[in-house]
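**Q** Sequence:
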Amino acid sequence: MAMPSSLIRLRALFLALLLTGFGGMAEASMADIEVSWQAGYTGLPAALTGSGPVLGNWRSDALQRTLGRLDSNQQVPAVLYLHGCTGFGSEGNAYRLFLTLQGYAFFAPDSLARPERRRNCDPSSHAAGLRGSTGPQRLAELRYALSQIAELPWVDHSRLFLIGFSEGAAAATRYDGDAFAGVVLTGWHCHGGADNHGLALPAGLPFLSIISAHDPWYPQLNGRTCAQFADGRPRSRSLLLSQATHVLLTSSESEAAQLSRQAILEFLDAAVAAPRPRQFRKED
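Under this note's numbering, the first residue of the sequence shown is numbered 1, with each subsequent residue one higher.
Heads up, a few of these hints could be off.
What the hints assert, rightly or not - What follows is a set of in silico ranges between Cβ atoms, one per label pair, in the way DEER data are often shown:
1) Q74 to S124: 39 to 47 Å
2) S242 to N73: 40 to 48 Å
3) D176 to L265: 24 to 32 Å
4) P219 to A194: 20 to 28 Å
5) P216 to Q38: 31 to 39 Å
6) G204 to P123: 35 to 43 Å
7) S124 to G232: 39 to 47 Å
8) D61 to A270: 34 to 42 Å
Simulated from the structure, these hints should not be mistaken for lab results. Every residue, glycine too, gets a C-beta built ideally from N, C-alpha and C.
Kindly produce the complete structure, drawing on both the sequences and the hints.
**A** Listed below in structure tokens is the structure:
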């Protein structure tokens, strides 16, 4: 199937922005950024496969065979997920399974698959920022992932969502484009340093933030959440959990996991139902 010219132009724009260092990544080669996508994690819902959900890495043979059999006339909503500082792990897998079962295609670049990329945190001490800001790296991965998703005719691009967890959520707050119908921020409070304070998201873009009042990574939270930046953003909500947890969907606090799943699903479903112009239309 020939790629629509509008999508070809869109991909060229994304690649040009990346190659010129858009987002502070001039030193990163395209091959380096591409690794995060090729090694990334994908989930295809049953509505798309015609059988059951299919989970795998993007470059795996099994997933590629499934992709080759998809009906290009079928479209589903999708989520782009940015993992935390320790990698995709069990929390990322929980998001993938949960959202794929709910009918969403799922994409998660693997930032730690990039050459020379190392963890920027110490889980044992809850210390973050050990190697400086990873925001520019994560944004470059996000934009490259968008350039690849733009080529997929079975994604409903008017119902594409961004979900970031922890370090991934901090990076997600800096995205200022218009590709997404909504943004979910979990395990992040929006009160970081100069390079990740507040929200750079487009005005009017709805968001959902979820964080624990006793998150062990943020002992000085003192009630600060992304709610302080919700003015002018319709359908936005900030959920402050009373349980002591950083992870949400895999939290040992069952109530926190249940409340988080319910809030995320309600937010996504409401945005799916809301009218919104398509961002990436196929040409007739």
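**Q** Each of the hints needs a verdict: does it hold here or not?
**A** Status of each hint after checking the structure:
no.	hint	result
1	Q74 to S124: 39 to 47 Å	holds (45 Å)
2	S242 to N73: 40 to 48 Å	holds (46 Å)
3	D176 to L265: 24 to 32 Å	holds (26 Å)
4	P219 to A194: 20 to 28 Å	holds (21 Å)
5	P216 to Q38: 31 to 39 Å	holds (33 Å)
6	G204 to P123: 35 to 43 Å	holds (36 Å)
7	S124 to G232: 39 to 47 Å	holds (40 Å)
8	D61 to A270: 34 to 42 Å	holds (37 Å)
Hint compliance for this structure: every hint is met.
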